[in-house]
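With the hints as your guide, set chain H onto chain P.
Okay, here's what each chain looks like letter by letter:
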Amino acid sequence: MPSQPSRKKKSPTRKAAPRKAGSRASAKPVGLDLGTSSIVAARQNGQGIRSKSELNAFLELPSSRFTEQILDQNQIDFVRDNGHLVVFGNGAFKFANMFNAETRRPMRHGLVNASEPYAQKLLQVIVEKLVGKPKTKGQLLCFSVPAPPQDAPASLVYHEALMKQMLSSMGFDARPVNEGLAIVFSELEKKNFSGIGISFGGGLTNVCLAYLSVPVFSFAIDKGGDDVDEAAGEVTGETATRVKAIKEDGLDLNRKPRNKVAGALQIYYTDLIESVVDGIAEALTQTERMPKLDKPLPVVLGGGSAIPKGFAERFRKALEEKKLPIEIASVRLAKEPLTATARGALLKATYEN
Amino acid sequence: MWGFTHLPGASPELPHRRHRATLDFLSSRVMDPPKKLWFIKSTLTAYEAQAELIRRLPIVRGIVFHFLALESFGALARSSNESVIDFPKLPLRLLYYLRHALLAGTFAVVGFSGYHLYGASRTGADWLAARLIPTPEILSAAGLDFHPNRSTKAPANVWLVTETDTEELWSNGLRIDTEFTTTGKARHYLVFPKDGSSPIERTGPPVGIVYHASQNDMAPFAEDFSRDILDQTRDLIGWLKRREIYNYMIDRFGRVYRIVSEESVAIHAGESIWADEDYFYLNLNESFIGIAFESQWSTDVDLITAAQVQAATNLTDILRLRYGIEDINCVPHGLVSVNADQKLIGYHADWARGFPFNALGLKNKYETAPPSVDAFGFGYDDDLVDRLGGRLWPGVELAQAQLAERASKETIEPAELRARLRAHYEDLRDQLR
Chain P
1085 MPSQPSRKKK SPTRKAAPRK AGSRASAKPV GLDLGTSSIV AARQNGQGIR SKSELNAFLE
1145 LPSSRFTEQI LDQNQIDFVR DNGHLVVFGN GAFKFANMFN AETRRPMRHG LVNASEPYAQ
1205 KLLQVIVEKL VGKPKTKGQL LCFSVPAPPQ DAPASLVYHE ALMKQMLSSM GFDARPVNEG
1265 LAIVFSELEK KNFSGIGISF GGGLTNVCLA YLSVPVFSFA IDKGGDDVDE AAGEVTGETA
1325 TRVKAIKEDG LDLNRKPRNK VAGALQIYYT DLIESVVDGI AEALTQTERM PKLDKPLPVV
1385 LGGGSAIPKG FAERFRKALE EKKLPIEIAS VRLAKEPLTA TARGALLKAT YEN
Chain H
2 MWGFTHLPGA SPELPHRRHR ATLDFLSSRV MDPPKKLWFI KSTLTAYEAQ AELIRRLPIV
62 RGIVFHFLAL ESFGALARSS NESVIDFPKL PLRLLYYLRH ALLAGTFAVV GFSGYHLYGA
122 SRTGADWLAA RLIPTPEILS AAGLDFHPNR STKAPANVWL VTETDTEELW SNGLRIDTEF
182 TTTGKARHYL VFPKDGSSPI ERTGPPVGIV YHASQNDMAP FAEDFSRDIL DQTRDLIGWL
242 KRREIYNYMI DRFGRVYRIV SEESVAIHAG ESIWADEDYF YLNLNESFIG IAFESQWSTD
302 VDLITAAQVQ AATNLTDILR LRYGIEDINC VPHGLVSVNA DQKLIGYHAD WARGFPFNAL
362 GLKNKYETAP PSVDAFGFGY DDDLVDRLGG RLWPGVELAQ AQLAERASKE TIEPAELRAR
422 LRAHYEDLRD QLR
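Going line by line, the protein sequences match chains P and H.
Numbers 1085 to 1437, taken from my numbering, label the letters of the first sequence in order.
Numbers 2 to 434, taken from my numbering, label the letters of the second sequence in order.
Don't read these hints as lab results, they were simulated from the structure.
All residues carry an ideal CB built from backbone N, CA and C; glycine is no exception.
Wrong hints could be hidden among the right ones.
Claimed, not checked - A short, non-exhaustive set of chain P residues, derived as facing chain H with CB atoms under 7 Å:
#1 N1166
#2 E1273
#3 N1276
#4 Y1295
#5 L1296
#6 S1297
#7 V1298
#8 L1368
#9 K1376
#10 P1380
#11 P1382
#12 Y1435
For reference, chain P alone in the conformation it holds in the complex:
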């Protein structure tokens, strides 16, 4: 069987029809969500998708034989650097909690943290741990990027080029995909890739309105889960890491807060939601080429910061209160909010493969 349909005349800009499953002995493509808070990789696994994640954080410890032993015993990943031990990934969070210390981040507000000397090296180490070496040279990998910042669009260009360079040096054919669009790809297939995808990440929130897979507008808000944690920590005197732990221990935004931290978290979550809804309203009025929509659009929320109970409900109410010039069909949480972006990137990679 031929690997592609025999079409006598093809427009030069036209792509060949998608290949049949198993028709090419190439390695399976990879979707990678390079988030401020965590890095998630997704691959096709039989009929399903397998995803793995690591926290995008690290902790620097003074080197000692004793510390190394503890790390080895607990199977915590680390690298040695200039007389220090750098604990990274999920282990860093575990360790930071144990010693009430703050982790550091290779990325900040969705981009490589320029003021962090370990940033690039650790990103590569974490990505290598998740995706390994490419099975074949030029194995396709789509990685997520945020929307460009208005005041410094060049910083995204730098970030994107740096990530592409890093992934290419590992042997991948790396291609970027907008984070919000990736949510649309992974969650709105039944709606023919039409709707609003929002990724509530650690460093920022990315929004993309797409119609039939074509992005109409995209923007990012310089607020994310980290800001919520930091702000709540600041007013309650807790570390952000501890606030994060409390948050993940069953915060419910629809219930009366049980303690001071939960109360502060509710306040900052409300602020985050309102900022995003305001941003959507502004984008809808400012976008010149907004298509006339024949049907209401669904909204899907992804990312770790959208996980608290009652988040989607609050978001829906905020959208209802803000009269938007488009109709919203529904607001729902992604099936797997933490992996939605990576799965969307994987879909794009599969399509482009």
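Below, chain H alone, put in the same frame as chain P:
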């Protein structure tokens, strides 16, 4: 907040609304997500690769788009081992194998039947039909001169004669359809005194009028298309009402619809700047009434009817009298719309040329220096010049000359003065937040 952007990379443009519906329908039949994405992207990219002329000709673009969609759909079906397409196999195969014959046949039928078939098969307006079908009632707005000697003062006396639940009759003959009226947020806005004193908060009546073009689909203005014209107006009214856009809309037969009550804020002017003798007005939704002509404004075709001009004249008279609106504050959208972040004028350009000031008894605002340039140092880009057919309205030139003169008096570079004015604008803008 970060900027709103179209995403980087080669994102194809969305096709016409009806073609999107076809694509949506066919996409729903593709069961596998990556293949569905391939089908959509492949069709859109192939369509975009066609010559612009093809994409502009209504019938031709429809045929070509459907051919390309069918080609992608068939290619997808042929390339898949498993059944990824929920569509009867035999008809699909027939359609795919006969696609070239179908394409040729369709073009032949269309060519033979001429524009009668075209008119029957479409409901929308288009570029070609507007030229093929005689449209004696369509006037060039630029040439309108109904009342050359009319005073620019508001008339002394116009009154509401009678009203029902669905209509108002005014003494100048204007009937206002109020059946679709909705109310929104009450007016509440800041005006900025030109002497630099503190802004004044107002909750009262509007101070001005902004005239718009609705820019919706337009059937040719001819008898054969009466039904289509009425359908388009009905769709437009529903759409405007749901989104609370414009206070008034004037359809192509000169009927006036109140969409959002005058006391309420309608969405119509977005980021915008205007000024009269005493005050600057920013973001005019709150302070100005929005009136839209149901029309497709462009620099070469001004689709506006005599009935619309007459209705706009009467409506302007009523509103000016009722709210004491000064002539200076009656202005078309293209002259007030700005891109506030990039400090550019003409973000929306509707009626930035060819507005029938004279017919409406208004002074020609094209001769007035726009305050966005004059007072706040805004500029323009080549895109605006292109959109306006190569030349901006004279007021822009005047404003720039005034700006240069002022800079020379202050012995500074115009760029420095402009930067200072823009900073002043940002200060005022901040106060609106």
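Okay, the hints, checked on the actual structure:
1. The beta carbon of N1166 of chain P comes no nearer than 36 Å to any beta carbon in chain H, farther than 7 Å, and the hint placing it at the interface is violated.
2. Interface hint at E1273 of chain P: satisfied, since its Cβ lies 4 Å from the closest Cβ of chain H, which is below the 7 Å cut-off.
3. Residue-level restraint check for N1276 of chain P holds (minimum Cβ-Cβ distance to chain H is 4 Å; threshold 7 Å).
4. Nearest Cβ of chain H to the Cβ of Y1295 of chain P: about 6 Å, under the 7 Å cut. The hint holds.
5. For L1296 of chain P, the interface hint holds, the least distance from its beta-carbon to any beta-carbon of chain H being 5 Å, beneath 7 Å.
6. Nearest Cβ of chain H to the Cβ of S1297 of chain P: about 5 Å, under the 7 Å cut. The hint holds.
7. Annotation: V1298 of chain P was flagged as interfacial toward chain H, and the flag holds, the nearest CB pair being 5 Å apart, inside 7 Å.
8. Residue-level restraint check for L1368 of chain P is violated (minimum Cβ-Cβ distance to chain H is 9 Å; threshold 7 Å).
9. Taking 7 Å as the C-beta cut-off, the interface hint given for K1376 of chain P holds, the closest approach to chain H being about 6 Å.
10. Checking P1380 of chain P against chain H: minimum C-beta separation of about 11 Å lies over 7 Å; hint violated.
11. This hint is violated: P1382 of chain P has a C-beta 14 Å from the nearest C-beta of chain H, more than the 7 Å allowed.
12. Here the hint on Y1435 of chain P is kept, as its CB sits about 4 Å from the closest CB of chain H, short of 7 Å.
Hint compliance for this structure: hints 1, 8, 10, 11 are not met, and every other hint is.
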